[in-house]
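Visitor: For the protein sequence lines, the chains are A and B, in the order given.
Its first residue numbered 11, the first sequence is counted upward by one per residue in my numbering.
Its first residue numbered 11, the second sequence is counted upward by one per residue in my numbering.
Heads up, a few of these hints could be off.
Repeated chains share a single entry, so a pair holds when one copy, or any two copies, can fit it.
[As the list claims (entries may be wrong)] Mimicking DSSO-like on lysine-lysine, the simulated pairs with C-alpha atoms at most 27 Å apart in a straight line are:
1. Lys109 with Lys442
2. Lys490 with Lys109
3. Lys237 with Lys421
4. Lys109 with Lys494
5. Lys442 with Lys342
6. Lys109 with Lys421
Since the hints were derived computationally from the structure, they do not count as laboratory data.
Please read these numbers as outputs of a predicted model, since none were measured by experiment.
The lines below spell out each chain.
2 protein chains.
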Amino acid sequence: MKKYLDESLSARERAKALVNEMTIEECASRLRYDSPSVERLRLDAYNWWNEGLHGLARAGTATMFSQCIALAAMFDSELVERVGEVIAQEARAKYNAAKSFGDFDIYKGLTLWNPNVNIFRDPRWGRGQETYGEDPFLTAENGKAMVRGLQGDGEVLKAAACVKHFAVHSGPENLRHEFDAKVSAKDLEETYLYAFEEVVKAGAEGVMGAYNRVNGEAACASEFLQKKLTEWGFDGYFVSDCWAVRDLHEHHGLTSNSVESAALALKNGCDINCGCSYVNLLAALEQGLVSEDDIRKACVNAMTTLVKLGILDEETPYDNIPYSVVCSDEHKALALECAEKSMVLLENNGILPLDESRLKTIAVVGPNADSRTALEGNYCGRADRYVTFLEGIEDRFSGRVLYSEGCHLYKDRMSALAMVGDRLSEAYAAAKSSDVVILCVGLDSTIEGEEGDTGNEFSSGDKESLRLPESQRKLIETVKKAGKPVIVVCASGSSINIESDCDALIQAWYSGESGGRALAEILFGDISPSGKLPVTFYKSADKLPDFTDYSMKNRTYRYTRENILYPFGYGLTYSKAQCRELEFSDGEASVKVCNVGSFDTDEVVQIYLKSHDKNAPPYPTLCGFKRVSLKAGEEKEIKIDIPKKAFTTVDESGRREIFSEKFTLYASTQQPFEEFGDGFLKMTITM
Amino acid sequence: MKKYLDESLSARERAKALVNEMTIEECASRLRYDSPSVERLRLDAYNWWNEGLHGLARAGTATMFSQCIALAAMFDSELVERVGEVIAQEARAKYNAAKSFGDFDIYKGLTLWNPNVNIFRDPRWGRGQETYGEDPFLTAENGKAMVRGLQGDGEVLKAAACVKHFAVHSGPENLRHEFDAKVSAKDLEETYLYAFEEVVKAGAEGVMGAYNRVNGEAACASEFLQKKLTEWGFDGYFVSDCWAVRDLHEHHGLTSNSVESAALALKNGCDINCGCSYVNLLAALEQGLVSEDDIRKACVNAMTTLVKLGILDEETPYDNIPYSVVCSDEHKALALECAEKSMVLLENNGILPLDESRLKTIAVVGPNADSRTALEGNYCGRADRYVTFLEGIEDRFSGRVLYSEGCHLYKDRMSALAMVGDRLSEAYAAAKSSDVVILCVGLDSTIEGEEGDTGNEFSSGDKESLRLPESQRKLIETVKKAGKPVIVVCASGSSINIESDCDALIQAWYSGESGGRALAEILFGDISPSGKLPVTFYKSADKLPDFTDYSMKNRTYRYTRENILYPFGYGLTYSKAQCRELEFSDGEASVKVCNVGSFDTDEVVQIYLKSHDKNAPPYPTLCGFKRVSLKAGEEKEIKIDIPKKAFTTVDESGRREIFSEKFTLYASTQQPFEEFGDGFLKMTITM
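Okay, chain A solo, but in the shape it has when bound (with noise of 0.2 Å):
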């Protein structure tokens, strides 16, 4: 037998003995994203580009959860952890579709390139809705629990979880294949590098590197950041962003040609290349710009990771999962529960949940009503159902449901020929025939999102301010003229101030494709909303810092109290809870938490911690997350393991240490913030 086709080996040893036995023209195609089969190895081809952020996508037909700043709105890394159990089960078996159907195709594989645990440093980003939102624990608990999710426990890996975009990634999307983020080395370790040590600590099996330099040298080829990998004991493979190697010789200024760009990448740790520079890498070795050494190193690293996904063995565990499972009952009933639980109320006089005996019309409008594209998100699959807002509401409502889309998402008008706001006298007759409105606003994917997918007369993907669309905002005041309650609905991956008084204000994101029908539930009451928000909500994006600024400074909950619409952690429920008895020893904080009101819902318990050093951040930082399930009346104790890196602070240096032994330690069903909610407790820890 083949040394590497023994299984009694460890993956790395196979790799090698594997490598060993390719040429090196064999090893430098097997770099390449879309490596080709090496048939006298029996070696089929593999491309190693697959995409899972918030289920299977661009892979056709798989269940859609909601995007991922939803899930961290969830705040229930349990729960991101069966997302991710079931994208790697919908890969496996859609693997194994197309393995027997001879297809090695882009996004067939296993190597699936999520999660993404940038931090979403600037609201205004438009991939920030990949992420898990704007603190550095929220993003790093979730993105272990995705990895746990997609790679498994077992001895092969499910699938192979990468995290991206290593680092510091953050927007503008229009400069990022020619930026330099600058950023301090207190802002690195404090804030941008912190989930991902996290998440390679945890075992993620892959690291793709960033479009934008850091502090001048190119994300994906970066001495600095490398090293970083290797001080976390990383062991598995690295891919540069797509076509990212391209701009260190088109846009970063870094090397005057393809050849140099690969050797520069290769050189500093980028094992696979997306993209087309690495059919340069044979050139480069003729060059002397790179050795075997170099080539057949990272091509260990690439075969270790498919060793350990099974791909070289006669059978794994996984290879019997029926194509069935994809879009499962139970699958699908995860996506809904996600999108019940990610939707946050902002604002209630009252009127919610809706008191049905009294509706008869219930009015549905706005360009998001009744959108596919508004339950999606960037990086989606191919729901088998999806329920829009107007769908869930219809299904659920046994009374008349009138629906006007009422203006185009962004357009001023909805026909080439017609004046503008053609159809705000639709919208404005829906709503004065109906009891109350459901306005159902936002934006999509295609007007936030990557630079490249969202290119349109309105944006490059990031968002030029917090503001609706104009269409929309004088769509939302045209239908309150009409005098009725008005419930607003935004679908948005980012801070939307909708600057108009409103009844009600929920928060959808793109809540995937059951999220009509949990908005239906939430509307009338079914279930509580629950939702808090992982980000902070801004009044303003021109009292924000520069987008191109990635100083930390006035930025994110824990910099700023300025501009504040809804803060980080905010999220109303239809009944109320009070924490008591707030304790903290051996690491371990406790609290009981009761649902003074009346109404069943779920809460959050939140655990700040405020270090009394100089090297803190300003304000309280979160520390701990609980979702706890309360019966109307019902207490719970909750107890919440705090980790000992959330008692250390960074200086000016970067190094990170317990500088000081006086902490605040803060618990409510929110973040500690006077002007917000119904109090907290706060008690005093000496370490």
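On the provided structure of chain A, position chain B as indicated by the hints.
Guide: Chain B in isolation, oriented as in the chain A frame:
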């Protein structure tokens, strides 16, 4: 009181009085489709352009019925009349709402630019879907029914119908602005003008001129065609197709500039100009190309229509139609009924209806499976609920449904970076994992439709052949390899040859908002299919006459039996009907029809007539039809009036007369065509 407000006067008298009060400039301005207000006379702005081909269209939310070709497949003009009533009802409701909002924009008025009674003479024509098929009689019956429904029978027109495109118009789309259709006198009288004459005589309020020329004259400025309208007693308004008057100088070479084009059109009876040519009417007046009288005469025609619509009245019987009638339950039920009655079962080896008790898993595959666009057809409104084929099956079937898009509608791959056929492995896996496959193929309005709307890499709106796009042909072959029974569902507005054996084949057309529900009801045997083809399905386009050849020779069932895949009038049910005892007296045919099968079904009794005159078309011609519901075992006697005109034939000079005394009368539930079906009754009549 101003005379034009005197409701005791005739509409034309009031219009004349109004026009007498208008300056010549005001008159000219009111001949533009987007007429400005005349505040001095309290005349609101009015936009003549509104659409309602198969539901109020382009005006936001409205009940969306099956496309017209499908409505024709019902062979049920009473139902078409009810569709017209709903369209008018919704038009009034939306007109009332828009008017009270001060909105007099495009697609908000009461002049609906339908029905389209052009003859679908060539299956390649993209706009053939808008028509009632290839038969003049069937077209006329449905056209009259639509007009009755739209206009109502009150003193005030509920809405104003407009028959189009006068005349002969039927492709090619990409030549329409310059094309001169050469038509014989016989074909004009026998085929192309037949339905126009019938519908105009039945009281259609408007006529729209076509883009093309007819034997040298532009249809929008044709002395010949105007003379026909006069002969028929036409008393309404004539409107140009949109920007067709501009074509007179830009493409037809009939005039040398805009002013001359406006003059030529006005002089030849074109009252209203859709487009911008009539801004030149005053210049034409100055240049002596038209007279004040010409302008005032056209304006009287136009104002007469507005008076008939009650637009100048203090109140009308329709002012209280509330907005809530739009998409009412009753209207939606009618849309479903049309979808149920229009789908045509073309093949069935016994697999249909599906035996649910023996099915655990169904694969629903194909680019049209979950496509809302595939329900719409062109000139459509926005439904408040779409039920796609996939959704209909998911809702109806209690077992598992596996969905795969399978391929792009016409592109060779779904993802730009992927290899050709990148969803085939998924489609195969879904099929392989199922007990039966519902394979949803066909076209949609992005590739079948009107020049301008559908200009893309695939087509100009017309079909190049009768084949499915290559991507779909590959999909069918791939899915069949899975070895499971395959039921093909084809959504298209015209004849398609799927070129593949399958267990069953349903022609679903563009089936409107509830198409998926209707399909599921048929698949699972809740109802029997009962639609009949209103067009011949040909085997191949290669054997058709040239697309630009307007001779009827070798076109449609009346003139050819070559190259026939499925004949006009064809369509299976889940039962079996037999006709007996055909009789004829006093212009009435009577026949007994019995459901000799074991399934309740609708059937369509079809009466054809063959004159023994040498001028008669070579094959029997439809002269009567009646849809009838039959329980299993039930027999009904059907009486059908045969119009006297059915006994006429048309000689080469275009003279229509009863040239023969001898006729053969046929009765069956399909066209009398030996190679298809179970036979027919016939009898000889001597007049």
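Visitor: If you check each hint against the structure, which ones fail?
Guide: 3
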